[in-house]
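Asks: Chains A and B supply the protein sequences, listed in that same order. In terms of the UniProt record's numbering, the first sequence opens at residue 1 and continues consecutively. In terms of the UniProt record's numbering, the second sequence opens at residue 1 and continues consecutively.
It should be emphasised that the hints constitute simulated quantities derived from the structure, not laboratory data. Hints may contain errors.
The calculated DMTMM-like cross-link candidates involving lysine to aspartate or glutamate, where the alpha carbons are at most 20 Å apart (straight line), are [claimed, not checked]: (1) A:Lys142 / B:Glu280; (2) A:Lys252 / A:Glu308; (3) B:Lys142 / A:Glu305; (4) A:Lys310 / A:Glu299; (5) B:Lys142 / A:Glu308; (6) A:Lys142 / B:Glu308; (7) A:Lys142 / A:Asp63; (8) B:Lys142 / A:Glu195; (9) B:Lys298 / B:Glu195; (10) A:Lys321 / A:Glu305; (11) A:Lys142 / A:Glu101; (12) B:Lys310 / B:Glu289; (13) A:Lys142 / A:Glu243; (14) B:Lys310 / B:Glu260; (15) A:Lys142 / B:Glu243; (16) A:Lys310 / A:Glu260; (17) B:Lys252 / B:Glu308; (18) B:Lys142 / B:Asp42; (19) A:Lys142 / B:Glu195; (20) B:Lys142 / A:Glu243.
Now the in silico label distances, taken between C-beta atoms and shown as ranges [stated by the list, open to error]: (21) B:Gln35 / A:Gln208: 40 to 50 Å; (22) B:Gly138 / A:Ser165: 44 to 54 Å; (23) B:Asp193 / A:Gly191: 35 to 45 Å; (24) B:Gln292 / A:Arg163: 26 to 36 Å; (25) A:Pro105 / B:Gln136: 53 to 63 Å; (26) B:Thr323 / A:Pro205: 45 to 55 Å; (27) B:Asp156 / A:Gln17: 56 to 66 Å; (28) B:Gly138 / A:Gln17: 41 to 51 Å; (29) A:Gln118 / B:Asp193: 25 to 35 Å; (30) B:Arg211 / A:Ala48: 43 to 53 Å; (31) B:Val166 / A:Gln17: 40 to 50 Å.
Short, incomplete list of chain B residues facing chain A, as computed with Cβ under 7 Å [stated by the list, open to error]: (32) Met106; (33) Ala148; (34) Glu308; (35) Thr323.
From the three backbone atoms N, C-alpha and C, an ideal C-beta is built for every residue, glycine too.
2 protein chains.
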Amino acid sequence: MNTVEMAHGSGGQAMQQLINRLFMEAFNNPWLAEQEDQARIDLATLTAQGDRLAFSTDSYVIDPLFFPGGDIGKLAVCGTANDVAVSGAIPRYLSCGFILEEGLPMETLAAVVNSMAQTAREAGIAIVTGDTKVVQRGAADKLFINTAGMGAIPPDIHWGAQRLSVGDVLIVTGTLGCHGATILNLREGLGLDGELRSDCAVLTPLIQTLRGIPGVKALRDATRGGVNAVVHEFAASCGYGIELTERSLPVKPAVRGLCELLGLDPLNFANEGKLVIGVERAAAQAVLEQLQAHPSGKEAAMIGEVVERKGVRLTGLYGVKRTLDLPHAEPLPRIC
Amino acid sequence: MNTVEMAHGSGGQAMQQLINRLFMEAFNNPWLAEQEDQARIDLATLTAQGDRLAFSTDSYVIDPLFFPGGDIGKLAVCGTANDVAVSGAIPRYLSCGFILEEGLPMETLAAVVNSMAQTAREAGIAIVTGDTKVVQRGAADKLFINTAGMGAIPPDIHWGAQRLSVGDVLIVTGTLGCHGATILNLREGLGLDGELRSDCAVLTPLIQTLRGIPGVKALRDATRGGVNAVVHEFAASCGYGIELTERSLPVKPAVRGLCELLGLDPLNFANEGKLVIGVERAAAQAVLEQLQAHPSGKEAAMIGEVVERKGVRLTGLYGVKRTLDLPHAEPLPRIC
């Protein structure tokens, strides 16, 4: 069988074979092996790690399925793991739901599944329960994935955007917009191949280096909507304003070039491996050094601060302050 | 704004408005209100209810979106809640991921969301975290939903298909194939409207009546693939055979008529509110009475037993025993 057929989603033999031969083998773990309708996770294991369960979900519809630095499978593990990890939890368990288009090459599905399995394994995450649906040709574009993830939040961590207050400093853990620029380049054939690479990565190790530092207040990964969306969310949650400094925003030359070419702002571009962190001013230097000492945080930078005056503003290269609006829409659909 | 636009999935203002005006209002609960990237659930609440976390996911791609007895939103709550509930857990928390086609009427989305909210509320389930993606016209068919659910399994419940052994009795909690027949009738315009209605329901209350009964060994809800798929799964898990008796299978006249018309078997038809239960023979009568005393189990019946000889067989109306194969595919795609 070289392509996905309607039968693979029907609850009959074909589906059972797909599950046994592809998913069970790739994701191989004791919870899946039970073959019950639900994974059963020992609550004592979770309570040993924390006192609250972080639970998050994302669907992935990125086009194209494969791109420099990743693919939809890797993204589906990293994206949801990061949404769990920014709470301070160590993501441990994922569910996974596939929606497949009839006619999808089985080779494509296998490549995506194996990439998910490898990304999860490397991050210490088990894909413990799943589901497969197949829709007829033309009723979905190739392949969509949903993952839901969970992990326990250690009792000493209480990060949240509502805790931010005036004077706190905002730090970004690396260069802006690499994921968005990579997809835009591929989609539009802009010819910057080789220079652009998605930053798609599980951020748990980087986040865990912050655990001991008392001044850390809020973390979020800057995906759809970019750093701009996160600072707007931060501002809305804490009730204050935020001011960023354009000069301090780390942006790779290739991404900057692409943005200038198209008149786009890297602040609005999606990332898949970058955090925005809000910290007390007194802890900012220590946090920055901690991040920069980690391979995923080398280009971390302080980019702004929380201020009394509401709204989000950007101080430009010539010192002029302007309001930074949240765009009505991101320039790029199906970025994740 | 009368239709879903690409901007509603872009991470910008339009998405934020959709989230605030539709989802937050309909699903309204303290976990969602936090507006963090993840829900944070008190682990002490879960450990007070059980010692293991049941975790399950399903994607819903049913076509049409609305049908007698339910809609894709109700189904997305019931289906996943039931996959959690058959472990013995009380489903408490759901995640929810939408994949929307550009151009979907906002009215359709609102009807589905409100149906999800109502179904969840009635079942004591909170939709605590979610995600929305929009794909361009033609890249998805109207609307897909993924839900992942969880709840704690009480320490005294250890249900599992592996526990079944020779002599155990199989019980079904009501008539077979109502959901599948309803969708088939709608899709093919067979004119049986008014007589057919999906059995789509949250089964937690019915399942919890079994909690005190020691002879209950395994539960599963008979969705895609019907009762036939479940008995094949039971046989594979326990390593024995299963024999069903055709005469004892409860089937509504309209469903039987439709099956005879089309030469289909109600055993293969999807249900969305029926359980197959494996019980010790000595407990079978007590379980049956318990089920029949509940409004959702009035038509419960013993339908077969676990036997030494491997394979699944059906004793027909004239006493002839034949092998019951798991079909390669169900007759009907996009049934859930």
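Asks: All the hints need checking, so say for each whether the structure fits it.
Replies: Comparing the hints with the structure gives:
As the CA atoms of lysine 142 of chain A and glutamate 280 of chain B are separated by approximately 46 Å, the hinted pair breaks the 20 Å bound. With a C-alpha separation of about 31 Å, the suggested pairing of lysine 252 of chain A with glutamate 308 of chain A is violated against the 20 Å cut-off. As the CA atoms of lysine 142 of chain B and glutamate 305 of chain A are separated by approximately 42 Å, the hinted pair breaks the 20 Å bound. Distance hint between lysine 310 of chain A and glutamate 299 of chain A is unfulfilled; the C-alpha atoms sit about 29 Å from each other, more than 20 Å.
Among the hinted pairs, lysine 142 of chain B with glutamate 308 of chain A is inconsistent with the structure: their alpha-carbon atoms are about 44 Å apart, more than 20 Å. With a CA separation close to 44 Å, the supplied pair lysine 142 of chain A and glutamate 308 of chain B exceeds the 20 Å bound. Note on lysine 142 of chain A and aspartate 63 of chain A: the hinted pairing holds, with a Cα-Cα distance of about 9 Å set against a maximum of 20 Å. For the given pair, lysine 142 of chain B sits about 37 Å from glutamate 195 of chain A by alpha-carbon distance, which is inconsistent with the 20 Å threshold.
Between lysine 298 of chain B and glutamate 195 of chain B, the direct Cα distance comes to roughly 19 Å. Compliance with the 20 Å bound is thereby established for this hinted pair. For the hint linking lysine 321 of chain A to glutamate 305 of chain A, the alpha-carbon distance of about 14 Å falls within 20 Å, and the restraint holds. A threshold of 20 Å between alpha carbons decides the hint, and for lysine 142 of chain A with glutamate 101 of chain A the separation of about 5 Å falls inside it, so the pair holds. Distance check on the hinted pair: lysine 310 of chain B and glutamate 289 of chain B sit about 30 Å apart at the alpha-carbon level, beyond 20 Å; violated.
Proposed proximity of lysine 142 of chain A and glutamate 243 of chain A is contradicted: the alpha carbons are some 41 Å apart, above 20 Å. At most 20 Å may separate the alpha-carbon atoms for a hinted pair to count; lysine 310 of chain B and glutamate 260 of chain B exceed this at roughly 29 Å. Restraint check: the Cα-Cα separation between lysine 142 of chain A and glutamate 243 of chain B comes to about 40 Å, which exceeds 20 Å; the hinted pair is violated. For the suggested pair lysine 310 of chain A and glutamate 260 of chain A, the alpha carbons sit about 29 Å apart, so the restraint of at most 20 Å is broken.
Distance check on the hinted pair: lysine 252 of chain B and glutamate 308 of chain B sit about 31 Å apart at the alpha-carbon level, beyond 20 Å; violated. Annotation: proposed proximity of lysine 142 of chain B to aspartate 42 of chain B is violated, straight-line Cα distance about 36 Å (limit 20 Å). Our distance criterion of 20 Å between C-alpha atoms is broken by lysine 142 of chain A and glutamate 195 of chain B, whose separation comes to about 37 Å. A C-alpha spacing of about 40 Å is found between lysine 142 of chain B and glutamate 243 of chain A, which places the hinted pair above 20 Å, so the restraint is violated.
One distance hint, 40 to 50 Å for the beta-carbon pair glutamine 35 of chain B and glutamine 208 of chain A, is violated here, with the actual separation near 24 Å. For the pair glycine 138 of chain B and serine 165 of chain A, the supplied restraint of 44 to 54 Å holds, since their beta-carbon distance comes to about 48 Å. For the pair aspartate 193 of chain B and glycine 191 of chain A, the beta carbons lie near 57 Å from each other, so the given range of 35 to 45 Å is not met. Between glutamine 292 of chain B and arginine 163 of chain A the beta carbons are some 55 Å apart, a value that contradicts the proposed interval 26 to 36 Å.
Checked against the hint of 53 to 63 Å, the C-beta distance between proline 105 of chain A and glutamine 136 of chain B comes to roughly 22 Å, which is inconsistent with it. The hinted window of 45 to 55 Å between threonine 323 of chain B and proline 205 of chain A holds, with their beta carbons roughly 54 Å apart. The beta-carbon spacing between aspartate 156 of chain B and glutamine 17 of chain A, approximately 36 Å, falls outside the hinted interval of 56 to 66 Å. Between glycine 138 of chain B and glutamine 17 of chain A, the C-beta spacing of about 30 Å breaks the proposed range 41 to 51 Å.
At roughly 50 Å, the beta carbons of glutamine 118 of chain A and aspartate 193 of chain B sit outside the given window of 25 to 35 Å. Between arginine 211 of chain B and alanine 48 of chain A the CB atoms are about 27 Å apart, so this pair departs from the stated range of 43 to 53 Å. Range check, valine 166 of chain B to glutamine 17 of chain A: Cβ separation about 28 Å, and the 40 to 50 Å hint is violated. Hint status for methionine 106 of chain B relative to chain A: violated, with the closest Cβ pair at about 16 Å, above 7 Å.
Interface restraint check: alanine 148 of chain B against chain A, minimum CB-CB distance 3 Å, threshold 7 Å, status holds. Using the Cβ-Cβ criterion of 7 Å, the hint placing glutamate 308 of chain B at the interface with chain A is not satisfied: the shortest such distance is roughly 22 Å. With its C-beta approaching chain A no nearer than about 14 Å, threonine 323 of chain B sits outside the 7 Å limit, and its interface hint is violated.
Checked against the numbered hints above, the structure breaks hints 1, 2, 3, 4, 5, 6, 8, 12, 13, 14, 15, 16, 17, 18, 19, 20, 21, 23, 24, 25, 27, 28, 29, 30, 31, 32, 34, 35 and satisfies the rest.
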